[in-house]
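With the sequences and hints as input, model every part of the structure.
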Amino acid sequence: MRIAGIYSFKGGTEAVEARYVSELAEIERIIQSIPAEAHRTKISREKTMPGRVLYNPRSLNKSIKQPFLELGWQSHRVQCDYATEYYVNGYESGLVSKGAFREMDFIKNRLGVEVQFGKYAFMVYNVCAKMTIFHNLDLIDVGVEIVPVKAFSAHMSSGVSYFEQFVWDLGQRGVADIDIPVMIIGVTA
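Using the numbering used here, the first residue of the sequence shown is number 443, and each one after it goes up by one.
None of these hints come from the bench; they were simulated from the model. Accuracy of the hints is not assured; some may be wrong.
What the hints assert, rightly or not - 27 Å max Cα-Cα, derived DSSO-like pairs, lysine-lysine:
hint, residue 1, residue 2
1, 504, 550
2, 507, 592
3, 561, 504
4, 452, 592
5, 507, 484
6, 504, 592
7, 561, 489
8, 550, 507
9, 489, 592
10, 550, 489
11, 561, 484
12, 561, 452
13, 592, 484
14, 561, 550
15, 484, 504
Next up, the structure:
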């Protein structure tokens, strides 16, 4: 794979380039080390593209994980203890939220990285919620979100979002006080 686009959300690119030079070099090497064509293994059963051979997002994610771990990046889970005091009188859920958690794909030296080859909502959630949560938990200061560009996502299952759409939406949304700096990296095969 290769980097095709970079977007700076709340000064994320500037923060990464200034404070995380070696980590950014590792991220770039990892992206460049992934042979995307080796992950073009998914046979589509969708009505709009039956039988077409597509890039497999799960396979791509798995291939990215190992190089990060080998370079000392760690995934990090935080347990979620969901509140029940907000239920109205008379409501009993009967369910206990055992085992619920939030996970950051990779963290090193307070830089958080998320890789997202999935649905659009997960990209927005990563940048606008999860990274803020991990910052508030004092685990990261800055984030990097790695997503496909449109030309790459066009060869994945329908519904996979892409860099250009994400950048437009973030630009239209604007920046909130609680947001943290995030570098958005658009990748392609």
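Cross-check of the supplied hints:
At most 27 Å may separate the alpha-carbon atoms for a hinted pair to count; residue 504 and residue 550 meet this at roughly 19 Å. Taking the CA atoms of residue 507 and residue 592, the gap is about 22 Å. The hint holds against a cut of 27 Å. Proximity of residue 561 to residue 504 is assessed by CA-CA distance (about 17 Å); at most 27 Å being required, the pair is judged to hold. A hinted pair counts as satisfied when its Cα atoms are at most 27 Å apart, and residue 452 with residue 592 qualifies at roughly 23 Å.
Restraint check: the Cα-Cα separation between residue 507 and residue 484 comes to about 19 Å, which is no more than 27 Å; the hinted pair holds. A threshold of 27 Å between alpha carbons decides the hint, and for residue 504 with residue 592 the separation of about 21 Å falls inside it, so the pair holds. With a C-alpha separation of about 18 Å, the suggested pair residue 561 and residue 489 falls inside the 27 Å cut-off, and the hint holds. With a C-alpha separation of about 14 Å, the suggested pairing of residue 550 with residue 507 holds against the 27 Å cut-off.
As the CA atoms of residue 489 and residue 592 are separated by approximately 20 Å, the hinted pair is consistent with the 27 Å bound. Only pairs whose Cα atoms come within 27 Å are accepted, and residue 550 paired with residue 489 is rejected, the gap being roughly 42 Å. A threshold of 27 Å between alpha carbons decides the hint, and for residue 561 with residue 484 the separation of about 17 Å falls inside it, so the pair holds. The suggested pairing of residue 561 with residue 452 holds, with an alpha-carbon distance near 23 Å, which does not exceed 27 Å.
Taking the CA atoms of residue 592 and residue 484, the gap is about 18 Å. The hint holds against a cut of 27 Å. The straight-line distance between the Cα atoms of residue 561 and residue 550 is roughly 26 Å, inside the 27 Å bound, and the hint therefore holds. Taking the CA atoms of residue 484 and residue 504, the gap is about 14 Å. The hint holds against a cut of 27 Å.
Checked against the numbered hints above, the structure breaks only hint 10 and satisfies the rest.
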